[in-house]
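Enquirer: Here is how the chains run, residue by residue.
Number of protein chains: 2
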Amino acid sequence: MNVFVQRQHQLQQVMKVKGISGFLVNHNVDLYYYSGTMQTGYMFIPAAGEAVYFVRRSITRAEEEASCIIEPIGSMKTIKDRIAARYPELFHKVPGAAVSAAEGREAQEAQEVQEVLEDQPIKLATELDVLPVQQFQRLEAVFPGVVWEDGSQLVREQRMLKSPDEVAAIRRAAAVVDAALEAAIRHVHAGMAEFELMAFIEHQLRIQGHQGLMRMRAYNSELITGMVAAGASAAVPTYFDGPAGGQGLHPSSPQSSGRALIRRGEPILVDLGCCIDGYLIDQTRTLVIGELDQELQRAYEVAEQVLRATEARLQPGTISEHLYLLALDQVHEAGLSDHFMGYGADQVKFLGHGIGLEIDELPVLAKGFKTPLAPGMVIAIEPKFTYPGRGVVGVENSYLITEDGFEKLTISREGIIYVK
Amino acid sequence: MNVFVQRQHQLQQVMKVKGISGFLVNHNVDLYYYSGTMQTGYMFIPAAGEAVYFVRRSITRAEEEASCIIEPIGSMKTIKDRIAARYPELFHKVPGAAVSAAEGREAQEAQEVQEVLEDQPIKLATELDVLPVQQFQRLEAVFPGVVWEDGSQLVREQRMLKSPDEVAAIRRAAAVVDAALEAAIRHVHAGMAEFELMAFIEHQLRIQGHQGLMRMRAYNSELITGMVAAGASAAVPTYFDGPAGGQGLHPSSPQSSGRALIRRGEPILVDLGCCIDGYLIDQTRTLVIGELDQELQRAYEVAEQVLRATEARLQPGTISEHLYLLALDQVHEAGLSDHFMGYGADQVKFLGHGIGLEIDELPVLAKGFKTPLAPGMVIAIEPKFTYPGRGVVGVENSYLITEDGFEKLTISREGIIYVK
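Chains as they are written, first to last, in full-length UniProt numbering: chain V, 1 to 420; chain E, 1 to 420.
No wet-lab data here; the hints were simulated from the structure.
A couple of the hints might just be wrong.
No copy is singled out in the list; a pair is fine if it fits within one copy or between any two copies.
[Unchecked claim] Below 30 angstroms or equal to it, Euclidean Cα-Cα: the simulated BS3-like pairs (lysine-lysine) are:
#1 LYS420 <-> LYS18
#2 LYS80 <-> LYS123
#3 LYS420 <-> LYS80
#4 LYS370 <-> LYS77
#5 LYS80 <-> LYS367
Looking at chain V on its own, in the form it has when it is part of the complex (with noise of 0.2 angstroms):
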């Protein structure tokens, strides 16, 4: 049995227990994380039986590559009677079939059983986290008497255990961000724009093998492979869910790299992602051309202690939010509170965040995340310390957690990167 469908089967476990007669997986994502192939369409997982992905293009390549029934999606308006020809169980709709071997009062006792079972309505999942409301309705039209489960909670808290294949791309993509820095490192040099260095550092990460995406799932973020930011502009807030936002090139893309010159003596803040065989890395260091000043030095260090504190703590058990509480203990102790994650209004209140098919998985280090750690989590930690006017200092690794412990999947050197 090839991974894809022992994650089907993973899922109908989880439905079974949930009451959900099946899952209307509509995610592209998702589609790809349950059927090894992603196509527009849905696939149906049903809470028992063979799961059927209905594709609307391209269905060459689907059969190809799914590792599940492949049905022409065709219109819309018959999905759900093709669904319940499929999987007659699901729908209750058998007329008389509880009523066939009875006779007077218990037929009749049957018949109302069998009505009850008609009336009760089908309970289905899909992801409502990301679908969007027209897409939803036109899927409320189309299978009347269900409703609708939220299903993403259950997609992310599988997708957050990763199995041995998803470890190896996660590692595959740690070497190529790491080849991508040491060469970023021999070519950088004062006086270039921040954009330029990025540039350069993508077209290292793509000619070894980056996709060219890095996805996110939360509504309206974006990310551009991850950013370079020197001094000042690394330290200047933006809408993005992260500790350093960066200038960017022009509001429309209020993030990244902007055209600011990187200057001797200033924190080079270079944070990463790659996507290699569709799982990411993510990974940050702290370059300088020449000296850093006392106090930003200090504050990368607090960066590596907090990190050192953190995996002491990394193995099964760990509640989520008590890494992060551990680290704001750590930088009130510090006397950097105002500066961690962020300045003053613009902080984020998290440590970390699971990555895989997507750099914002679970789970999340921060308060109310009561999950405890388990093996095959991979997690991005990243203490990082903002100093408004002079810039971002920090340090970001991926950690696999393991039976017992955590294995470092980010191999790029630590310490404050001096370059002449």
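Got chain V sorted already, so can you dock chain E onto it with the hints?
Expert: Chain E only, in chain V's frame:
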């Protein structure tokens, strides 16, 4: 009055005609279009009066850039009350207002009118083509008694007509794409992988100011700068709603350039976009190292003939779908119907599409689209022919519709581009 405020006023005029009391803009691109800044939050544009952007993050950045009132979003639970307080006429909640000047029977009638007013549902609009269900359900909860209209068509129709500033940005993007294409023509050689040439082109685009994102509005759609694809792999079908697909690097990202090596004598489709100051250009050219066989040469010539015939009708008043139907006729006469805009079951059913802040804007040149062309529209027109196992040939220009015809915004040379 700046361009952003003008846009708010234009939307207000449409809202009054449609009986919509206010528009709660939710989508990042639309937020930028109406406010001049792109932050997390919602922008409320009342049918009359000044707009307010409820910003979660970053307030600092919003206050620097926005052409409207900025208010911290605070608790969503109080947002309806805060809107009602700011625009009291919207929610008809002025108890006794209609009663004050009347007595006796008149007072009673006025009271009744007042009650009817208070009971009338308030119509607000938001973009339901992009807003996820989960987020919409939260809006429904905090706006009790409000009837939500899908405002996406209003926004898309307004954005269809570009101002001179918007066209100027698209012209800048056209110049950047042309320079990158010329660099690619000098750089391409046999034995290079598709993705290597793509990486080279992306680097050229980025160092000239490409923002690194190609925005698409359609759900589950993604775009990786465009595609360089050579020979058979350009003809591999994909889910992507465009005439050429591409093998891509992996089933998790199944479109655009792949690992195939570029060979002599096969068509190299170079379909490029780039984003300058928020605005996209879209253009395609066909390159060949050495000679192209006569059948594909002829197909390319037919593509240019379709483009010329389309240009002859490219003027205000022409109905969008007529241009597609005209192209179908021409292609049929040339005996190339099976190859037009994809092959067989994987054909797409359009000739062109609007471009602007997003790549999939209105108008669409396709059956069923009755919109007459009008000055200010910017449209990418892309006749292409697919030959499975051999490749894709074609051409794509972007055009501005003017008062008396069109202006070609694409500046790259046409014809098959032969490289030694």
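Enquirer: Confirm or reject each hint.
Expert: Okay, the hints, checked on the actual structure:
Proximity of LYS420 to LYS18 under the C-alpha cut-off of 30 angstroms is found in neither arrangement, the shortest distances being 60 angstroms within a copy and 64 angstroms between copies. For a Cα distance limit of 30 angstroms, the shortest separation of LYS80 from LYS123 inside one copy, 13 angstroms, qualifies, whereas the shortest one across copies, 32 angstroms, does not. Neither within a single protomer nor between protomers do LYS420 and LYS80 lie at most 30 angstroms apart by alpha-carbon distance, with minima of 66 angstroms and 56 angstroms respectively. With identical chains, the CA atoms of LYS370 and LYS77 are at most 30 angstroms apart between copies only, with a shortest distance of 25 angstroms across copies and 42 angstroms within one.
Taking the closest pair of Cα atoms, LYS80 and LYS367 come within 30 angstroms of each other only across two copies (28 angstroms); inside a single copy the shortest separation is 42 angstroms, beyond that limit.
In the structure shown, a violation is registered for the earlier hints numbered 1 and 3, in ascending order.
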